[in-house]
Amino acid sequence: MRTDPIRAARPLAAVSLALAVLAAGCTGAGQTGEGAEADLDVSTGVTDDTVTIGAHMPLTGPAAPGYSQISVGAQAVYDFVNANGGVHGRTIEYLAEDDAYDPTRTVEVTRELVHEDEVFAMVGGLGTPTHSKVVDFLNREGVPDLFPSSGALMWNDPEKYPLTYGYQVDYTKESKILGEYVSEEFEDAEVGYLLQNDDVGVDSQRGLDMYLQDQAVAVEHYESGAEDLSAQIAGLEQEGADVVVCACIPNYVALALLESARIGYEPQFITSSIGGDTVTLRGLLSSFAEQAGSGGDPDDFLNGLMTLGYLPPVELGGDDPWVEFLRGVYDEYGGDAPLSNTTVYGMVQAVQFVRALEAAGEDPTRASLIEALESLESGGPGLVPFSSTGEDRGGYAGGFITRYEDGELEMVRDPAVTDSAEGDIEPAEVDRPLPEDIGPLAQG
Amino acid sequence: MAPSTHRAPASDAGSTPAGSDPAASARRGPRSVPGHPLLGHPLLRRLLLAAAALAAVAAVTTATGPVTDLRVANAGLFLLAVAGLQVLVGTSGQVSLGHGAFMFVGAYTMALLVVNVPALPLAAGMAAACAAGCLAGLAVGAATARLHGPYLAGATLMLAVGLPAIALRFPDLLGGANGLGFSTIGAPPALAGLVDDTQWRAIVVWTVALIGLVVLATASGGRLGRHLRAVRDDPTAAALSGVPVGRVRVTAFVISAGAGSLAGACQAYVLGTATPSTYGLALSLVLLAALVLGGLGSLWGAFWAALAIVYVEVAGTELAHALELDTDVRNNLPVVFFGAVLIIVVLAWPRGVHGALSALGRHRSTPQQTGDS
Amino acid sequence: MEHFANLTLNGLATGAVYAALALSLVLIYQATRVLNFAQPAFALVSAYVAYAVTSATGSYWAGFAAALAVGALLGAATERFLVRPLRNASPLSPIIATLGLLMVLQGAVGMVWGNEPLSFAYPLDYRGRFSPADAFALVSVLLVALALFALYRFTPAGLRMRAAAIRPEAARLSGVRVGAVLASAWALASAIGALAGMLAAPPFLAPNSFDLIFVFAIAAAVAGGLENPFGAVAGGLAVGVLLSYVTGYAGPELTALAALAVLLTVLALKPDGLFSRAAARKV
Chain D
1 MRTDPIRAAR
11 PLAAVSLALA
21 VLAAGCTGAG
31 QTGEGAEADL
41 DVSTGVTDDT
51 VTIGAHMPLT
61 GPAAPGYSQI
71 SVGAQAVYDF
81 VNANGGVHGR
91 TIEYLAEDDA
101 YDPTRTVEVT
111 RELVHEDEVF
121 AMVGGLGTPT
131 HSKVVDFLNR
141 EGVPDLFPSS
151 GALMWNDPEK
161 YPLTYGYQVD
171 YTKESKILGE
181 YVSEEFEDAE
191 VGYLLQNDDV
201 GVDSQRGLDM
211 YLQDQAVAVE
221 HYESGAEDLS
231 AQIAGLEQEG
241 ADVVVCACIP
251 NYVALALLES
261 ARIGYEPQFI
271 TSSIGGDTVT
281 LRGLLSSFAE
291 QAGSGGDPDD
301 FLNGLMTLGY
311 LPPVELGGDD
321 PWVEFLRGVY
331 DEYGGDAPLS
341 NTTVYGMVQA
351 VQFVRALEAA
361 GEDPTRASLI
371 EALESLESGG
381 PGLVPFSSTG
391 EDRGGYAGGF
401 ITRYEDGELE
411 MVRDPAVTDS
421 AEGDIEPAEV
431 DRPLPEDIGP
441 LAQG
Chain F
1001 MAPSTHRAPA
1011 SDAGSTPAGS
1021 DPAASARRGP
1031 RSVPGHPLLG
1041 HPLLRRLLLA
1051 AAALAAVAAV
1061 TTATGPVTDL
1071 RVANAGLFLL
1081 AVAGLQVLVG
1091 TSGQVSLGHG
1101 AFMFVGAYTM
1111 ALLVVNVPAL
1121 PLAAGMAAAC
1131 AAGCLAGLAV
1141 GAATARLHGP
1151 YLAGATLMLA
1161 VGLPAIALRF
1171 PDLLGGANGL
1181 GFSTIGAPPA
1191 LAGLVDDTQW
1201 RAIVVWTVAL
1211 IGLVVLATAS
1221 GGRLGRHLRA
1231 VRDDPTAAAL
1241 SGVPVGRVRV
1251 TAFVISAGAG
1261 SLAGACQAYV
1271 LGTATPSTYG
1281 LALSLVLLAA
1291 LVLGGLGSLW
1301 GAFWAALAIV
1311 YVEVAGTELA
1321 HALELDTDVR
1331 NNLPVVFFGA
1341 VLIIVVLAWP
1351 RGVHGALSAL
1361 GRHRSTPQQT
1371 GDS
Chain U
2001 MEHFANLTLN
2011 GLATGAVYAA
2021 LALSLVLIYQ
2031 ATRVLNFAQP
2041 AFALVSAYVA
2051 YAVTSATGSY
2061 WAGFAAALAV
2071 GALLGAATER
2081 FLVRPLRNAS
2091 PLSPIIATLG
2101 LLMVLQGAVG
2111 MVWGNEPLSF
2121 AYPLDYRGRF
2131 SPADAFALVS
2141 VLLVALALFA
2151 LYRFTPAGLR
2161 MRAAAIRPEA
2171 ARLSGVRVGA
2181 VLASAWALAS
2191 AIGALAGMLA
2201 APPFLAPNSF
2211 DLIFVFAIAA
2221 AVAGGLENPF
2231 GAVAGGLAVG
2241 VLLSYVTGYA
2251 GPELTALAAL
2261 AVLLTVLALK
2271 PDGLFSRAAA
2281 RKV
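Protein chains in written order, with our numbering: chain D, 1 to 444; chain F, 1001 to 1373; chain U, 2001 to 2283.
Careful, some of the hints might be misleading.
To be clear about the criterion: a stretch of chain F counts as covered by chain U if any three or more of its residues have a C-beta under 8 angstroms from a C-beta of chain U, and this derived list gives those stretches [what the hints assert, rightly or not]:
| no. | stretch |
| --- | --- |
| 1 | 1133-1146 |
| 2 | 1158-1165 |
| 3 | 1344-1353 |
Calculated directly from the structure, the hints in this document are not laboratory data.
For every residue, glycine included, the Cβ atom is placed at its ideal position computed from N, Cα and C.
Pulled out of the complex, with its shape left as it was, chain D reads as follows (with noise of 0.2 angstroms):
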């Protein structure tokens, strides 16, 4: 390798950086100091006529299924708003990348959203494990970081993300509201859980063990990705529990209801809002409804399966406006699948983003767009009180209990309220808008 001189020069310069690099090793490799506030006052991502929010969720990989309703629900609503005149005359261009699941991906589409497709926003980056490593981010960047898609209790923390507004129950409120419960109606009870081995099953337990530690026989964990519960029933069935509470994902639910047919367990089961819909379930349960005798309905197995709620479950059909409206705004614009409960958490998702970028005026700015957060006053299509104050970022605050029967659902525990410690469950009131009183929904 023949070098010239001048040539040379350049990696002298070169050593000089590395030397220079090197010298800056020797620091601390943690960032301590908080850096320069971001300016708020801007409507990156605002034009004329398009607003560009973005959001990062599992598309393909191992993590995939149970999630792809979301974002074609929320696309239903953008689309339907959209077609509809938009929100102040702008249209919503939602990008929905895929993040495999996989935070090194989440980091990297992240900063692509942020850099390159400049968004106004981030409205519901999926997974506890992928949007806590970029919260940091956006909330340095001050890019609005609303409505994870996750239970986690960290999106509710102003001092630190001031930024971030939680939307889904947080876990630990779902559990204590679940908790007191089974420890009312089921109180000679043995009871075992069976948890997501990660936040979700931390949380969740930590709400549960508040009411129902002395009942409490088995604690079962199961790895999301894993295709087999047989051992954790067992387990649950070993110890001799009466009631199961999940707090897992509808697969591993219906994996729970179809292992426990298998064996002849026919404990009492009750989920999380996170596995409880109805409609996915039935779609996982149906090739086993034949063999499983009776009928052939996958009902058989769904039959006094108890959830929890907050969102209005498509079970309501006609009888909730919400439903009912969210049901033709689907029809004509989302897709092939039938709209599930996961659909309309995507879906209400969006609602409250065009509710939120409506208050934000006909010129938002992101400093807009927070503020009108603030003052967002009712719970929106829930059925629980929505909390997005300077104080509370929690989202919804609660949830209420049903009994599924035959494609109907009893109320078996009326919609509450409760906060993420050792506070008191306390009846809920909420005072919900009808679709029509949404502006950009009721030109439709």
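Model the placement of chains F and U on the given structure of chain D, informed by the hints.
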């Protein structure tokens, strides 16, 4: 850009023709290129090449935005990871499907240090990660030294899937399935306004990667390298001529794991995250696949591999965005694209991109020097 | 004790799947010295085709037959168009080519059927501690292993396969059509892989459903010894039972670590797998 002194896999293989005494090549000392008393020394030449490469990276990142800077950083750390794998697979002939496990070790070492000892210098963190990786490599290498071919592949594949599960076992320390998230230090205040954080991180990663590459090139160019190739080409003959086969194999594992671990530490430093799901089956398979795609036997192969890991994915995603496609098709297009590129390259250029390029080069002109291997 | 028995039965049922997939890997390895990374993708495509056929015809067994046919076809085509052109390349090339094929097929399945899980029926009644469906899994895998043994030992076709695998040049000289024989070995192995897919698919099938199963199948094949189909079957069943005990007694997060520990221990004692013939190996 990447410093490499190997011309081509052919020249590696050519240095120990089948049937020759491997120890004969092992006894040959380092040769210098005549006519360049100073630049002739291989180590110095590699250092200068590395410095040139670093200058090029610094120049590139000045002209680009943070998204490209992040990709440049990723390319740098994957270059280091694959180069480490190259020493193991390409030079010593041990096929490992578990390289991601060493990246896991490095990423978590870095993450734990940043989280628990934020004042610890970055360089010390990198050194600790490298040391942890070498230890892990020593353990794995010793445990698998007697295994050959597919048995080693199977054991290391299980390693790739099994080791990250440690994070699930110790959730309090390692954060369980959510892993660890943290902020790392950005550009030094003295350079504020001149260099932004992402650009700075890219430069730091390339500095580490290039230092690593110089070490790897030096190791696989010297006596150890000849031993490694002797063991790869014919272990029996190598053993008969006095090469300590077992020790050489373990050494390859140690070096390779050290590089992989350092790459993992760089990844944790750049992205501020260490999560078990990152270090799953897919990563280890992609590393090996990219290595073969880039070309076995030369550190240049690792360079092409790193570009492929970063940019084939980007190209697939952009293709998916550019075409009006059904959602399911669009979502799955990038992985299909990567797989298709892999198949086509392997079929069209069995020696990988580097092999194809150097064959092209040989076709155009006869090589003027033989390199120092 | 009852728990122990339950865990054992559960383990045997899942072990049958590992065994079938391990068996298909071993057959291909014996024929062409390739570790076929596309094997789980063959199983996946077969299972999805079976799903489509079963949905269209209403018959599980029509789907089952289609799966085996598709598996065999994929295997033969891969040997012919991907592996044979690379027979003189470095031994890693065909492995990487099959890895590329894995990505393509897995993505293609997602493109056609989506990434959401499908409800996939069992062949027989799945209810019971050791259900008819479990029994079907175990018995079918054991029968396949026995049939293979008979095929390789006692029939001319089996003899040709062994000859083509071990001494392709000599076999060619004595009139064996080596290419056709190797392609049929791939077809046979991949049909068995498709069987593994049919056994593994219930209850829910998604594009990544077989990833971990594949890893454990490789572990089983390697622990049993790649030269020995019976080793693969025994290895598969042992891995299934072991993982069931680990899940039941220690915790599901430890399964992969436990499998790693056991695999390393087995290979430390027997570097060519438990059931390898005591052939002298070079260093």
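Claimed coverage, the stretch 1133-1146 of chain F by chain U - three or more beta carbons nearer than 8 angstroms: The restraint on the stretch 1133-1146 of chain F holds, since 3 of its residues have a Cβ under 8 angstroms from chain U and three suffice.
Has the stretch 1344-1353 of chain F got at least three residues whose CB is nearer than 8 angstroms to a CB belonging to chain U? holds (count 4)
Using a Cβ cutoff of 8 angstroms, are there at least 3 residues of the stretch 1158-1165 of chain F near chain U, or does the coverage claim fail? holds (count 6)
When each numbered hint is compared with the structure, no violation occurs for any of them.
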